[in-house]
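A.B. asks: Sequence:
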Amino acid sequence: MACSRFEYVKSFEQDDSILPNVWIVIRIDGKKFHKFSKTHDFEKPNDENALNVMNAAATAVMQEFRDIVLAYGQSDEYSFVFRKETAAFKRRSAKLLTYVTSLFSSSYVMQWSKWMNLPLAYAPCFDGRVVLYPSEQNLKDYLSWRQADVHVNNLYNTAFWKLVLEKGLTNQQAEAKLRGTFSADKNELLFQEFGINYNNLPAMYRKGTILLRKRVILGEKSRQAVVPLHEDLISSQFWKEHTEILGKYVPGTYNAPQTLPRLVEMQINGKELDDEAEEPQNLAGTS
Numbered sequence: 027m028a029c030s031r032f033e034y035v036k037s038f039e040q041d042d043s044i045l046p047n048v049w050i051v052i053r054i055d056g057k058k059f060h061k062f063s064k065t066h067d068f069e070k071p072n073d074e075n076a077l078n079v080m081n082a083a084a085t086a087v088m089q090e091f092r093d094i095v096l097a098y099g100q101s102d103e104y105s106f107v108f109r110k111e112t113a114a115f116k117r118r119s120a121k122l123l124t125y126v127t128s129l130f131s132s133s134y135v136m137q138w139s140k141w142m143n144l145p146l147a148y149a150p151c152f153d154g155r156v157v158l159y160p161s162e163q164n165l166k167d168y169l170s171w172r173q174a175d176v177h178v179n180n181l182y183n184t185a186f187w188k189l190v191l192e193k194g195l196t197n198q199q200a201e202a203k204l205r206g207t208f209s210a211d212k213n214e215l216l217f218q219e220f221g222i223n224y225n226n227l228p229a230m231y232r233k234g235t236i237l238l239r240k241r242v243i244l245g246e247k248s249r250q251a252v253v254p255l256h257e258d259l260i261s262s263q264f265w266k267e268h269t270e271i272l273g274k275y276v277p278g279t280y281n282a283p284q285t286l287p288r289l290v291e292m293q294i295n296g297k298e299l300d301d302e303a304e305e306p307q308n309l310a311g312t313s
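In terms of our numbering, the sequence shown opens at residue 27 and continues consecutively.
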C-alpha cells in the first residue's frame, strides 16, 4: 500500500491478537434455521442429507485450514478447534472469525446441490464467535457440552415429531405431553408407543459428527482425508484413540471400510487429498 497523508486512519484499528498458547475455538451457528429448514422441507426430526451439507461445508473449512485439529457439528452449528500453536492470520481474531464463517457459508451453498434435491430458495446465513480455552480439560469439557446438547435436543425432537407425525397431535399438544419429562420418560414413550429403542437410531443423530484428518488406508496405499466419525467424545477412550488431537499433530490412521463414507469418497474422487501426512500449513504471513 502506497504511503499517503490518509494512512493515519489505520491507527484506529483495534489490536485483536489472540493470546498465545490457548486453544482457539470458532463456533458458527445458522441464523433463523427453523424458517430455513421449513422452507426447504427438511425431514423431521433429522434430515440426513441436510446434516451432510453441514459436514461437507465443514470439511471444506478443514481443507483450507490445516491447523484445525478437530471439528464438531450438530444441527445447524459447527465448532472448529485450532491447535494452540497456530499462527494463522497472525492469530488475529477478526480475521480468523470472518474467514471461517464466510468460507463455511459459501461452501454450504456450493455443496447444497450435491446432497439436496430441492434448489436453494435463498442463501443461508451463519454467525460466528471466537472462544479461547487455556487447558486441555477446558477444551474437552466444551466439546462434551456440545455433544450433551445433541443428546438432549435430539431425544426431545425425536419424541416430539413422532407424536406430531404419527399420533396426529398438534405442536401444542406434543409440547404439553413432553413438558416436565426426563430422558427416561422420553425413552419409555418412544419404546412403548412407537417401538423405538433410542440407542439404535443412527449415531450421527444421537452423537453429532466429529471431523478428523486421517490417513485413509486403501489396500496398500494411504491417502489423507477429513473423516467423519460419530463417537462418544465425552468418554476418555475417545481421547486415547485419537491422540493426535492434543499431542503432536500428525494425522492418525483410518482403516477404510469396504464402503467408504460418501464424504470421504467425494474427497478421493475429487483428488482433493494429499499423499501421506504433512506438517500443518499456516497462513501466518497473511494480513
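Quick caveat, the hints were computed from the structure, so don't treat them as lab data. Glycine residues also receive a C-beta, built at the ideal position from the N, C-alpha and C atoms. Treat the hints with care, since some could be wrong.
With a straight-line cut-off of 25 Å between C-alpha atoms, the simulated SDA-like cross-links for lysine to any residue are [what the hints assert, rightly or not]:
| # | residue 1 | residue 2 |
| --- | --- | --- |
| 1 | LYS36 | ARG117 |
| 2 | LYS57 | LYS203 |
| 3 | LYS166 | GLU90 |
| 4 | LYS57 | LYS110 |
| 5 | LYS58 | TYR125 |
| 6 | LYS212 | ILE222 |
| 7 | LYS70 | ASN183 |
| 8 | LYS203 | LEU191 |
| 9 | LYS110 | ARG155 |
| 10 | LYS58 | ILE222 |
| 11 | LYS70 | LEU244 |
| 12 | LYS110 | SER262 |
| 13 | LYS193 | PHE220 |
| 14 | LYS70 | HIS60 |
| 15 | LYS166 | VAL176 |
| 16 | LYS166 | ILE260 |
| 17 | LYS121 | ASP153 |
| 18 | LYS188 | GLU90 |
| 19 | LYS266 | LEU244 |
| 20 | LYS233 | LEU204 |
| 21 | LYS266 | GLN173 |
Pairwise CB distance ranges, derived in the manner of DEER restraints [what the hints assert, rightly or not]:
| # | residue 1 | residue 2 | range |
| --- | --- | --- | --- |
| 22 | ASN75 | GLN163 | 47 to 57 Å |
| 23 | LEU227 | ILE294 | 35 to 45 Å |
| 24 | LEU244 | LEU146 | 46 to 56 Å |
| 25 | GLY245 | GLU162 | 28 to 38 Å |
| 26 | LEU191 | PHE38 | 29 to 39 Å |
| 27 | GLU201 | PRO228 | 41 to 51 Å |
| 28 | LEU227 | LEU146 | 26 to 36 Å |
| 29 | LEU195 | GLU246 | 53 to 63 Å |
A.B. asks: Need the list of violated hint numbers for this structure, in ascending order.
C.D. replies: Violated: hints 2, 4, 10, 11, 18, 22, 23, 24, 26, 27.
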